[in-house]
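Undergrad: Chains as they are written, first to last, in my numbering: chain A, 1 to 334; chain B, 335 to 699.
Derived by calculation from the structure, the hints in this document are not laboratory data.
All figures in this text were calculated on a predicted structure; none of them were measured in a lab.
Ideal placement from N, C-alpha and C gives every residue a C-beta, glycine not left out.
Keep in mind that a hint or two might mislead.
Said to hold, decoys possible - Derived coverage of chain B by chain A (criterion: at least 3 residues anywhere in the stretch with Cβ under 8 Å from a Cβ of chain A; other residues may be distant):
| hint | segment |
| --- | --- |
| 1 | 512-520 |
| 2 | 534-544 |
Claimed, not checked - Only pairs whose alpha carbons sit at most 16 Å apart, straight line, appear in this in silico EDC-like list of lysine to aspartate or glutamate:
| hint | chain 1 | residue 1 | chain 2 | residue 2 |
| --- | --- | --- | --- | --- |
| 3 | A | Lys264 | B | Asp527 |
| 4 | A | Lys194 | A | Asp219 |
| 5 | A | Lys264 | B | Glu615 |
| 6 | A | Lys191 | B | Glu615 |
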Amino acid sequence: MSLLSVRDLFVNYHTQGGPVPAVRGVNIEIAKGEVLGLAGESGCGKSTIAGALLRLLPRGTEVTGSILLNGEDVLGMRPGRLRAVRWTETSIVFQGAMHALNPVQRVGAQIEEAILIHHQAGEREAHVRVGGLLEQVGLAPRRIRDYPHELSGGQKQRVMIAMALACNPSLIIADEPTTALDVMVQAQVLKLLKELQRDLGLAMLFITHDLSVLVEVCDRLAIMYAGRIVEEGPAQSVFYESAHPYTRALADAFPTIGEGRFRKAPSGLPGDPPYPQDLPGGCTFHPRCPLAFEACPHIDPRLFDVSPGWRAACLLVDSAKPVLEGARTPESSR
Amino acid sequence: MSERTRPAEQATDHEMGPPLLEVRDLKVTFAGRVGLGAGILGRKATQSRAVDGVSLQLRQGEVLALAGESGCGKTTTARAIMGLEPPREGQILFQGKKISKGLRAYRRKVQMIFQDPTGALNPRQTIYESVAEGLRIHRIHNGPNGETEQELVARALSRAGMRPPERFFLNYPHELSGGQRQRVVIAGALVLDPVMLVADEPVSNLDASVRGEILRLLLQIRDDLGLAILVVTHDLGLAWTIADRVAVMYLGRIVEIGPAEGVLTRPLHPYTKALLNVVPEAGGLDRPILTGEPPDPTRIPPGCRFHPRCPEVATGAARAAGVEEKCRGEDLGLMELRPGHFAACHLAAVTVGEGKEISTSQPQG
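Here chain A stands alone, though its shape is the one from the complex (with noise of 0.2 Å):
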């Protein structure tokens, strides 16, 4: 059984402009100790997808389809239940490390607090139990007496990881952990998530724009494109094979130094990301799409096997189709 299953699962935002559909049909497995990366660019609904595990999403938005966290619906749980599983089950690392702790309180005793909270330890052995996750996150254990401003921003990132991983979660969900970060102290916080990761067996769903760090931290990927995932399957394959001309252009966005084809030679998708209220019709990528044939307005398409374990919503992928073969330009076949 999956740690993670969400099923059929949609989102609709309410503003005064009209319902906004944010997620619109979005299946997602995480087994235990697996780290699944959701990537996409923004307002594509992979934030709203980390909002709707925990029920953090604002009153009044629609949340249909099924969440099940260790085999319980997460959607109908009673919000007793609802804040010991946060935490205690799943707990999240957030983009804003900056923001995120309170500015006046020493930063030992916020991650104390989330461990009294959820009555996993007496005061006593809790600040014993800070000093040894500070420790854990590569932090002195003198820093407990430290108030925020007194530290970097990674070192920021590393308390809030200290205090996600406080009460013992089997999942982590980490939205953006790194964005804010500076490309040293970013691949210094991710080696730290991914030595945690390994270490304490936790299962992990890491949610970025930014490609190139999920192929380094991920065993799978997932890519969103306006609300739903376009394609799906191991890391290293999504990244390097793209079945998805969405998720080739987004791998391009990352060049490799040094491999020639990148060199002078930025490449892009024209036009920009939909908006969730004005969607296209058929596949929702085709006006920005390089591969775009007649059938590309009108369809839908839905997730195709690219191979077993990997899938994507392409036409193109869709090879049992032979109508579709003939519509294959050069530039598809690489």
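Please build the complex by placing chain B on the supplied structure of chain A, with the hints as guidance.
TA: The following block gives chain B in isolation, referenced to the frame of chain A:
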């Protein structure tokens, strides 16, 4: 120092043409914060040496990427080049003349593109007004061939890829996407017919799939109009896709500068190697990562400013080559170790001079 090395300033003879922009030993300092205790004791504020001796040249039609981590002084260097930050020492020459003389005319020829297009555009101005603002500030009513303001604005928007331009005249920034806003900012720069652009992280606020198009636009502008472009970026991958030359900054100095192929695929300075090591890539986390964070520019280490974090010093490679003393005690400038490729590293000076290079974990070529 080996015989092949020489100071950076003299190393221009093998390149063609005079430089469009020349920065000589630029220093910019900021007053550091005075702690409460120090203030009571009457201690003076320490100087933060944000830019601490930068020399570089930019030729017409050239794209130079200035790369480094935040706090390395790359943005301050760019701002000083724009005349937005007074230099404490050093000179900035544009077309052979000091920029401090005739700053107004200079600012017309050199335009800056900022990171955040949303912040750079006035939300209450139409696109037309935003693009025309530069013309109005510089009191340009007609183009060189008698074009009207409207024609100039339309041409700039069209060059920036906003076609047909008239369609966007009356739009407001909020009606455009991030990529379109950055195009408007670029149009605002192009409308003044500049000869050089300074782009500070021009795409880091944009969606990944949109970035490539904006970078391609910058290259297009360079090719069509022959502009020189200085791109400030933290992203070496970006440098690989657009830059002719790359300069890597650390703690207020350029530690390596040269052709992009050389700097990015056969780096000479250990800091450049460390930066390349952290460019995300499958399996990249197994490569060594520098620990700690760059030191505070109020307390620049003596000797080579990178030595406290330098892996070559830590692993004893510098000692084995007999340069560790120098690393710890002797400050150094850029040395030309390969044609047109300069680095400020005692170890590289020895190893490259002897015909062998420091081992690199980067793929060659």
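Undergrad: Decide, hint by hint, whether the structure agrees.
TA: Hint by hint, here is what the structure shows:
Check result for the segment 512-520 of chain B against chain A: holds, 3 residues qualifying (beta carbon to beta carbon below 8 Å, three or more required). With 4 residues having a Cβ less than 8 Å from any Cβ of chain A, the segment 534-544 of chain B passes the three-residue criterion, so the hint holds. A distance of roughly 24 Å separates the Cα atoms of lysine 264 (chain A) and aspartate 527 (chain B); the hinted pair therefore is violated under the 16 Å criterion. For the hint linking lysine 194 (chain A) to aspartate 219 (chain A), the alpha-carbon distance of about 11 Å falls within 16 Å, and the restraint holds.
Distance check on the hinted pair: lysine 264 (chain A) and glutamate 615 (chain B) sit about 20 Å apart at the alpha-carbon level, beyond 16 Å; violated. This hinted pair checks out: lysine 191 (chain A) and glutamate 615 (chain B) have alpha carbons roughly 13 Å apart, not beyond 16 Å.
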